[in-house]
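Q: What follows is each chain in one-letter form.
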Amino acid sequence: NAGVTQTPKFRVLKTGQSMTLLCAQDMNHEYMYWYRQDPGMGLRLIHYSVGEGTTAKGEVPDGYNVSRLKKQNFLLGLESAAPSQTSVYFCASSYVLAGFSYEQYFGPGTRLTVT
Amino acid sequence: GIQVEQSPPDLILQEGANSTLRCNFSDSVNNLQWFHQNPWGQLINLFYIPSGTKQNGRLSATTVATERYSLLYISSSQTTDSGVYFCAVDPGSSNTGKLIFGQGTTLQVKP
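So the protein sequences, as listed, match chains A and B. Sequential numbering from 15 applies to the first sequence in our numbering. Sequential numbering from 505 applies to the second sequence in our numbering.
Think of the hints as simulated: they come from the structure by calculation, not from any bench. A virtual CB, placed ideally from N, CA and C, is assigned to each residue, including glycine. Check before you lean on any hint, since a few could be wrong.
Below 25 Å or equal to it, Euclidean Cα-Cα: the simulated SDA-like pairs (lysine to any residue) are [as the list claims (entries may be wrong)]:
| hint | chain 1 | residue 1 | chain 2 | residue 2 |
| --- | --- | --- | --- | --- |
| 1 | A | Lys71 | B | Lys614 |
| 2 | A | Lys71 | A | Tyr109 |
| 3 | B | Lys614 | B | Ser511 |
| 4 | A | Lys84 | A | Asn15 |
| 5 | A | Lys85 | B | Gln546 |
| 6 | B | Lys614 | A | Lys84 |
Among chain A residues calculated to face chain B with C-beta under 7 Å, some are [claimed, not checked]:
| hint | residue |
| --- | --- |
| 7 | Pro53 |
| 8 | Val64 |
| 9 | Gly65 |
| 10 | Tyr109 |
| 11 | Gly113 |
| 12 | Phe114 |
| 13 | Glu117 |
| 14 | Pro122 |
Please put together the full structure from these sequences, using the hints given.
A: Here's what the structure looks like:
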């Protein structure tokens, strides 16, 4: 199993450009998450999904959109990139049992720089 | 919202030493997880531990939910233990795994 994979690993954007980050998991997990990590800080939740076709906002959703068209994929979009979105982006997934989510498994991250 | 505080913020050890990392949280939680972020940035789940004690090799963790804290013990530390250790909690109002992370403890193990 590949676990959680993210594409691309690195990207440089100019202010105002758009891009989509792809997250894929092969563990049949129900829940998926997008986090960002800024220097010297812990991770902050951007958006999450509790199932195919559903998405919800996390702590810092502004400037991002997401879609979960297939259970195994969770896409994060930046419509008009800003320098404040320079960060490392992590995707994660977790399984659910009796309505509770359990361990989260993380992808390797995408390092995004917006100039 | 819930506050998650980790201590100490930085820790330097000699190889072979033991250490205890602490995580305090300000409200009830559904679950608590410990992660290790290695120097290459990869996040590894160490423990899912909403309460009680678990052990995995040289690492163990204890969460006392009623007193709102968790401890991570590292025994006989090795240089490969270096990195940042994060505590993360899912607040009591949510069962969706919306983790709130602490600021982390940066550990350096010297040979």
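Q: Give a verdict on every hint.
A: Hint check results:
For a cut-off of 25 Å, the pair hint linking Lys71 (chain A) to Lys614 (chain B) is broken: about 41 Å separates their Cα positions. At most 25 Å may separate the alpha-carbon atoms for a hinted pair to count; Lys71 (chain A) and Tyr109 (chain A) meet this at roughly 19 Å. Note on Lys614 (chain B) and Ser511 (chain B): the hinted pairing holds, with a Cα-Cα distance of about 20 Å set against a maximum of 25 Å. About 18 Å separates the Cα atoms of Lys84 (chain A) and Asn15 (chain A), which keeps this hinted pair within 25 Å; it holds.
Simply put, Lys85 (chain A) and Gln546 (chain B) have alpha-carbon atoms about 23 Å apart, close enough for the 25 Å limit, and the pair holds. For the proposed pair Lys614 (chain B) and Lys84 (chain A), the alpha carbon gap of about 45 Å is over 25 Å, so the pair is violated. Hint status for Pro53 (chain A) relative to chain B: violated, with the closest Cβ pair at about 12 Å, above 7 Å. This hint holds: Val64 (chain A) has a C-beta 6 Å from the nearest C-beta of chain B, less than the 7 Å allowed.
Checking Gly65 (chain A) against chain B by beta carbon gives a least distance of about 10 Å; that is not within 7 Å, so the hint is violated. For Tyr109 (chain A), the shortest C-beta to C-beta distance to chain B is roughly 10 Å, which exceeds 7 Å, and the interface hint is violated. Hint status for Gly113 (chain A): holds, given a least beta-carbon distance of 6 Å to chain B, under 7 Å. This hint holds: Phe114 (chain A) has a C-beta 5 Å from the nearest C-beta of chain B, less than the 7 Å allowed.
Hint status for Glu117 (chain A) relative to chain B: holds, with the closest Cβ pair at about 4 Å, below 7 Å. The beta carbon of Pro122 (chain A) is positioned within 7 Å of a beta carbon in chain B (closest approach about 6 Å), and the interface hint is therefore held.
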